[in-house]
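Trainee: Fit chain F to the supplied structure of chain E, relying on the hints for placement.
Chains E and F are the protein sequences, given in the same order.
Each residue of the first sequence is one higher than the one before, counting from 1 in my numbering.
Each residue of the second sequence is one higher than the one before, counting from 1 in my numbering.
No wet-lab data here; the hints were simulated from the structure.
Source: prediction; values computed, not measured.
Among the hints, erroneous ones may be present.
Sample of chain E residues at the chain F side, in silico, Cβ under 8 Å [claimed, not checked]:
no. : residue
1   : Tyr22
2   : Gly29
3   : Ile32
4   : Ile34
5   : Ile40
6   : Tyr51
7   : Asn240
All C-beta atoms, glycine included, are put in the ideal place defined by N, C-alpha and C.
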Amino acid sequence: MNYKHLILFVTLIAFCSCKQDYRLNKIEGKQINISDSLAINQDIEAFIKPYRENVNKNLDSILAYAADTYSKSDGEYNTAIGNMMADAVYYESNPVFKSRTGEDIDFVLLNHGGIRAIISKGNITSRTAYEIMPFDNSVVVVKLKGAQVQELIEYLVKAKRAHPISRLNIVLDNDGNFKSAGLNGSPIDFNTTYNVATNDYLYSGGDHMDFFKTNDSLYMLDYKIRNVLIDYFKKIDTLNPAIDNRFIQLKN
Amino acid sequence: MKRREFIQQTAAASTLIGLGGMGLSSFATASKKITILHTNDVHSHIDAFGPDNGRNPNQGGVARRASLIEGIRKKNPNTLLLDAGDIFQGTPYFNYYGGELEFKLMSMLKYDVATIGNHDFDNGIEGLYAQLPHAKFDFVSANYDFSNTIMDTHVKPYRIIIKDGIKIGIFGLGIELDGLVGKKMYKETVYLDPTESTQEMTRILKNDEQCDLIICLSHLGYNYRNDSEKISDLKLAETTKDIDLIIGGHTHTFLKKPTVVKNSEGKNLLVNQVGCYGINLGKIDFYFDTDKNKSANGTSIIV
Numbered sequence: 001m002n003y004k005h006l007i008l009f010v011t012l013i014a015f016c017s018c019k020q021d022y023r024l025n026k027i028e029g030k031q032i033n034i035s036d037s038l039a040i041n042q043d044i045e046a047f048i049k050p051y052r053e054n055v056n057k058n059l060d061s062i063l064a065y066a067a068d069t070y071s072k073s074d075g076e077y078n079t080a081i082g083n084m085m086a087d088a089v090y091y092e093s094n095p096v097f098k099s100r101t102g103e104d105i106d107f108v109l110l111n112h113g114g115i116r117a118i119i120s121k122g123n124i125t126s127r128t129a130y131e132i133m134p135f136d137n138s139v140v141v142v143k144l145k146g147a148q149v150q151e152l153i154e155y156l157v158k159a160k161r162a163h164p165i166s167r168l169n170i171v172l173d174n175d176g177n178f179k180s181a182g183l184n185g186s187p188i189d190f191n192t193t194y195n196v197a198t199n200d201y202l203y204s205g206g207d208h209m210d211f212f213k214t215n216d217s218l219y220m221l222d223y224k225i226r227n228v229l230i231d232y233f234k235k236i237d238t239l240n241p242a243i244d245n246r247f248i249q250l251k252n
Numbered sequence: 001m002k003r004r005e006f007i008q009q010t011a012a013a014s015t016l017i018g019l020g021g022m023g024l025s026s027f028a029t030a031s032k033k034i035t036i037l038h039t040n041d042v043h044s045h046i047d048a049f050g051p052d053n054g055r056n057p058n059q060g061g062v063a064r065r066a067s068l069i070e071g072i073r074k075k076n077p078n079t080l081l082l083d084a085g086d087i088f089q090g091t092p093y094f095n096y097y098g099g100e101l102e103f104k105l106m107s108m109l110k111y112d113v114a115t116i117g118n119h120d121f122d123n124g125i126e127g128l129y130a131q132l133p134h135a136k137f138d139f140v141s142a143n144y145d146f147s148n149t150i151m152d153t154h155v156k157p158y159r160i161i162i163k164d165g166i167k168i169g170i171f172g173l174g175i176e177l178d179g180l181v182g183k184k185m186y187k188e189t190v191y192l193d194p195t196e197s198t199q200e201m202t203r204i205l206k207n208d209e210q211c212d213l214i215i216c217l218s219h220l221g222y223n224y225r226n227d228s229e230k231i232s233d234l235k236l237a238e239t240t241k242d243i244d245l246i247i248g249g250h251t252h253t254f255l256k257k258p259t260v261v262k263n264s265e266g267k268n269l270l271v272n273q274v275g276c277y278g279i280n281l282g283k284i285d286f287y288f289d290t291d292k293n294k295s296a297n298g299t300s301i302i303v
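So that you can see chain E by itself, here it is in the shape it has in the complex (with noise of 0.2 Å):
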């Protein structure tokens, strides 16, 4: 090979390789997990900075006084904190409602899974309405017929868990069969219609809670049950509720 064959060897490679098309040929795919080995970056952190202290500074401050440490499993059929979260539901929300629909809330239901923490002796803030509350779930109030309404009480009866609930109340006999139930002390007349308060989880079928499908109405009240958590929390001074007697199984 001489000097001109090496140099058209070259300018064809350098000819070839502007010309030529690239093609596809290896993919490699993974993923890398971010973990506490990674260095932070100094100059995202200090922007962060402000902005996470703002948002500390106002989640931190004191809303109200929490006389006990209350939990969900604390309680059969009911529990002092599902109690305290259907009750500010109903408190906070019923107002809302009547003011655009006349109308009142007759009772509420929520889930016991949705309470996501416990409430801790002492002061009480805004982040702990985000424990409990993380979701951005939301009030809604569903109008059900009496047929709907005893299905939700047979639901209760059979689920035999503390989901909470605010002016109903059940009564299983010794061998957790239903006894009775009512409204706020006064009998469920099956015959006409009930608003009911709930979440949207609820009532797109969370927790298989299906009566809720079969309904005459739905009003949604653009109100975010951590919220309404917040509203109530900002009321009161000590935060005490107990386990009552609004679902209970008697016992001899």
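Mentor: Same frame as chain E, but now just chain F:
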């Protein structure tokens, strides 16, 4: 005698290595690597999970993701950073700042393109629009028709980015909003059929634009086992053609590795999703070559 043979063989070997070396160096310019980094469903998780978190202690965090991405970009400047939606909602940062911090940080991390998830409508379409000035990256969606909304002209069906001469087409797909997002939130946004939108996009990106690489940023969800009719990333991958990579979101699916799927022409493509909350970063490297013999044997996929 034997010794001479050995030397001859060694000399021959060196020549081969020399030639090989020359071959490599002359072909080094003829091989290109594009790195695609991606996240999905970060849901306002700006800070890492705390040490007491029950599920993901000490994981995630934008400041750590930033370092990782910076390191990868240093190794390969031909890197794109993409997000498959649900940037908003999940921590008080969103409740307090409406997504401003999320967009600002993504801009600082130099995200290139994102698509829109259902939760990005959580402050209404106005809430999303209001944060756009903080986003120095583009939004793509081929199947949300925003023409009768405030978002009109702010979201393109696709974007083409050329890196090192490689033409990369990226289009977006969003999930059906009805039943998932309140109508008063998404207003007059019209949801179009994702499969039909994909057919149109791949025709434009492959045939008209002659892209070397086609990526779909999808918020449709990975797979719906209990609803085989529902469109998902796996279903879309199987029933369409010319897509090289689907980056998914919505279902918060943690995959051990990207899924290899055969498209309608029997050609392999990748479907990937990296869970949620910024816990993982997806990294897909595409190697291009001018060596026709290699390409004739098809594309090898290592996952």
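Trainee: So, for every hint listed, does it hold in this structure?
Mentor: Each hint, compared with the structure:
1. Tyr22: 4 Å, holds
2. Gly29: 4 Å, holds
3. Ile32: 5 Å, holds
4. Ile34: Holds, about 5 Å.
5. Ile40: 4 Å, holds
6. Tyr51: For E:Tyr51, the interface hint holds, since the closest Cβ of chain F sits about 5 Å away, which is under 8 Å.
7. Asn240: Result: violated, 27 Å to nearest chain F Cβ.
Violated hint: 7 only; the structure is consistent with all others.
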